[in-house]
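The sequence shown begins at 1 in the numbering used here and counts up one residue at a time.
Do not take every clue at face value.
[Claimed, not checked] Listed below are the simulated EDC-like cross-link pairs for lysine to aspartate or glutamate, each with C-alpha atoms no more than 20 Å apart in a straight line:
id	residue 1	residue 2
1	K89	D136
2	K89	D135
3	K163	D29
4	K163	D125
5	K89	D52
6	K89	D29
7	K89	E120
8	K89	D18
9	K163	E77
10	K163	E31
11	K89	E22
Hint data in this document are derived by calculation from the structure and do not stem from the laboratory.
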Amino acid sequence: MNDDIKWTPGGDPTGGDDAALELQQALADPELAQNVRLRLEVSGGAHGERYDLHFDSTGDGRARIALTDEMTDRRYETRTVTFPPDTIKQLFNQIDVSAVVAYARANVLIPPCSLVGRLEISYGDRTFSTVFMADDEQARTAGYRLPPQTEHVINEIYELTAKQIGTDNIRP
Numbered sequence: 001m002n003d004d005i006k007w008t009p010g011g012d013p014t015g016g017d018d019a020a021l022e023l024q025q026a027l028a029d030p031e032l033a034q035n036v037r038l039r040l041e042v043s044g045g046a047h048g049e050r051y052d053l054h055f056d057s058t059g060d061g062r063a064r065i066a067l068t069d070e071m072t073d074r075r076y077e078t079r080t081v082t083f084p085p086d087t088i089k090q091l092f093n094q095i096d097v098s099a100v101v102a103y104a105r106a107n108v109l110i111p112p113c114s115l116v117g118r119l120e121i122s123y124g125d126r127t128f129s130t131v132f133m134a135d136d137e138q139a140r141t142a143g144y145r146l147p148p149q150t151e152h153v154i155n156e157i158y159e160l161t162a163k164q165i166g167t168d169n170i171r172p
């Protein structure tokens, strides 16, 4: 294995078009919506500069969030919160599963020492995920760019989490 490669994006190798339709149908049914999940995990940093964000939401509005940011000395222990179901459904509706799948297939290499994020959408036995450089400056320097809709969803998660924590910005 090449030591210069930290992580590569991964996910379900099947197409996302059918998956997008299935996702919308699941979100429309309150019983199924609780089994739809959206996760964002971002982690990295040296000792004393560690950043860890965990966001795990279901389609019915329930979420578990946690944040540790040693650079700003912020710690938000894991808590369960409830967002208005429409807020979470709107977030899910913005996800372009096809773009997530295509990006995961692109096999973009992430340089070592990067702050790494993972966005995952799952329901039933299907899971779609992609790994990305989570630090804007690192990503810009590496010429790394997420699909716009995927980037927008990640930014929305940062904003929702920041509001729950009671701050303006939790971006790494």
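Evaluation of the provided hints:
1. K89 to D136: Violated - the C-alpha atoms of D136 and K89 are around 26 Å apart, more than 20 Å.
2. K89 to D135: With a Cα-Cα distance of about 27 Å, the restraint between K89 and D135 is violated, given a limit of 20 Å.
3. K163 to D29: Roughly 27 Å between the alpha carbons, so the hint for K163 and D29 is violated.
4. K163 to D125: Given that 20 Å is the threshold and the Cα spacing comes to 32 Å, the pair is violated.
5. K89 to D52: At roughly 25 Å apart (the allowed maximum being 20 Å), D52 and K89 break the hint.
6. K89 to D29: 11 Å, holds
7. K89 to E120: 15 Å, holds
8. K89 to D18: Satisfied, since the Cα-Cα distance of roughly 18 Å is no more than 20 Å.
9. K163 to E77: 15 Å, holds
10. K163 to E31: Not OK: K163 and E31 at ~27 Å, beyond 20 Å, violated.
11. K89 to E22: 14 Å, holds
Violated hints for the displayed structure, listed by number in ascending order: 1, 2, 3, 4, 5, 10.
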